[in-house]
Each structure stands twice: as C-alpha cells, then as structure tokens.
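Q: Modelling step: build the complete structure from the supplied sequences, incorporating the hints.
Sequences listed follow chains A and U, in order. Just so you know, the first sequence maps onto residues 1 to 119 in full-length UniProt numbering. Just so you know, the second sequence maps onto residues 1 to 119 in full-length UniProt numbering.
There is no bait here: all hints are sound.
Because identical chains cannot be distinguished in the list, a pair is counted as satisfied if it fits within a single copy or across any two copies.
Calculated cross-link-like contacts (lysine-lysine; reagent style PhoX-like; alpha-carbon spacing at most 20 Å):
no.: 1; residue 1: Lys-101; residue 2: Lys-10
no.: 2; residue 1: Lys-101; residue 2: Lys-90
no.: 3; residue 1: Lys-90; residue 2: Lys-100
no.: 4; residue 1: Lys-65; residue 2: Lys-23
no.: 5; residue 1: Lys-55; residue 2: Lys-65
no.: 6; residue 1: Lys-65; residue 2: Lys-109
no.: 7; residue 1: Lys-10; residue 2: Lys-55
Since the hints were made in silico from the structure, they are not lab data. Keep in mind that this is a model prediction, so the values were computed, not measured.
There are 2 protein chains.
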Amino acid sequence: MYTIHEVAEKCDLSVHTIRFYDKEGLLPFVTRNKSGNREFSEQSLELIRLICCLKNTGMPIKEIKQYVDLIVEGDSTSGVRRQVMVDHRKEVVRQMNELKKNLNLIDLKISHYDSKHKH
Amino acid sequence: MYTIHEVAEKCDLSVHTIRFYDKEGLLPFVTRNKSGNREFSEQSLELIRLICCLKNTGMPIKEIKQYVDLIVEGDSTSGVRRQVMVDHRKEVVRQMNELKKNLNLIDLKISHYDSKHKH
DNA sequence: GCGTAGGTTAGAGTTAACTCGAAGTCGAAC
DNA sequence: GTTCGACTTCGAGTTAACTCTAACCTACGC
Chain A
1 MYTIHEVAEK
11 CDLSVHTIRF
21 YDKEGLLPFV
31 TRNKSGNREF
41 SEQSLELIRL
51 ICCLKNTGMP
61 IKEIKQYVDL
71 IVEGDSTSGV
81 RRQVMVDHRK
91 EVVRQMNELK
101 KNLNLIDLKI
111 SHYDSKHKH
Chain U
1 MYTIHEVAEK
11 CDLSVHTIRF
21 YDKEGLLPFV
31 TRNKSGNREF
41 SEQSLELIRL
51 ICCLKNTGMP
61 IKEIKQYVDL
71 IVEGDSTSGV
81 RRQVMVDHRK
91 EVVRQMNELK
101 KNLNLIDLKI
111 SHYDSKHKH
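A: Here you go:
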C-alpha cells in the first residue's frame, strides 16, 4: 500500500491532482486506513499510470472517467474497453505523425537560420 | 493576398482565432485594404503556419509572441531565434519519446485484452 | 491534554486559449 | 438611400484541468 505522497512521487503528479482525480471518480479502487487517509494498492497505482498515459495523449478526463466506469462494471465490458484503446491508439498515431511534420518544419527553420549565417 | 477566411481554411483555424492571434500581436505583417479588412500576404501565411507548428507542439502563445517580436526586431536577432528553435526542437523530441512510451503502454493494454478474450 | 504535522473536505480561484456577442462600419445591390 | 452581408472592435463568457484555501480531523510525542 502506498500513501498519496508516494503515488504523487511515483507518477509525477501533485497530491492535489490525485485528490482531484479521486473526486472526479477516476480512482474507484482507493481505500482508506483507520484514520480515513487514502491508501493506494498496486492495482490503483497501475490505473493511475494508465490514466496519466491517456491524459498525456490528449484524452479528456470525462472520457477517462467513462473508461474507468467500464472497468468498474466488470469483465462484461472488456470488449468495449478494448475498442476504446484501439480507437485511442489511432489518435496517438495521428499525433505522432503530426509531431513528425512539425519537427520537419522546425528543422527546416533551423537549417534556414544556419544557411543565412554561413555566407 | 488572402482574406481572413482563406487563411482560416488553409491553416485549419477559425476566423475568431486568427483575429485573436492578431490582437495578441502574433501577426505583425497583416495589412488592411481600403475598407479596413485584414489582408494576408504569403509571408503572413507562412508565419501563421509556423505559429500553428509551435502552438501544436506545446509552445504557449506568450512565448510565440516573444519569438515574433524577435522577428520584428530584425536580422540582428536571428541568432537568438535560431536558439529558440533549437531549444524547442529538443522539447518536441522529448514529446515524441513520451508519445512512443504511451503508445507502448496502450499496445500492452490492447494485447492484454486480446489474450484475455482468447482462452 | 496540548501542540504539531500530517491527513481530510468542499468549494473558490486561476490559467490558457479560445469563443462568442453586441454594436458598429463598409461596399455593393436593389 | 436603404437593406444586406461581411467585415470590424471591444470585452465578456466558456472550458478544462488543475490549484489553492479554509476549516476541520487524527495520531504521535511530550
């Protein structure tokens, strides 16, 4: 079991953010110890890592919430969840291609500055 | 010369957004026709494309503004501008690596769903 | 039992980047 | 010359994702 601070450290989030995610219903497996403090299992940690992955690839929190709700619903939704991942994968690939295009433009710009400076 | 609508179409922005960028000082080369409407030269269009590139790779508008201000200052700042691009390039490469990591996790998740379904 | 260091909550405030609305101007068509 | 559509400005409103504040609870050391 991890404390909120350990999770914050491990996942590079603030404790505020973790509580915010909990409040939004993104962390349904978080339990409490006898004094009412959050404790995070390995499963919760894994889920938070996945949430960060989805968030950092542009999925809005409301959509992540829907995915988490499907997890809570149980095994019967694993097909839908798989499809969510497949769809999101396409989106991430799209982002990578766009990033490559943008990198090309930046490189073009740099080489333009270089050739200007040389003569 | 292009109208604001042509630019919006070409750069996949709304006319609102283009006016917003102009208001923020991001488009210093935009001129006006006799009735006061904006007209965009090829140079302005190129700049907008670069602005979109920087924006889509996470550079905040305030930083883009600083870069545009350097352009306006003239050739003496080309060394600084080159450095801005080189620094930002590093950031874009970082983003690509992170995107790859996230893609791997998504793939892992998908294959996990697949193996679950198979047995 | 009291202070302190941590946790808790609800809810208000912040920030970036738009996004929209109101009110006004301009040029062409009828 | 007035109506229409498209542009203009200014400033207010929106949205997402935090971020922070205030007030409170709990365990531990003295």
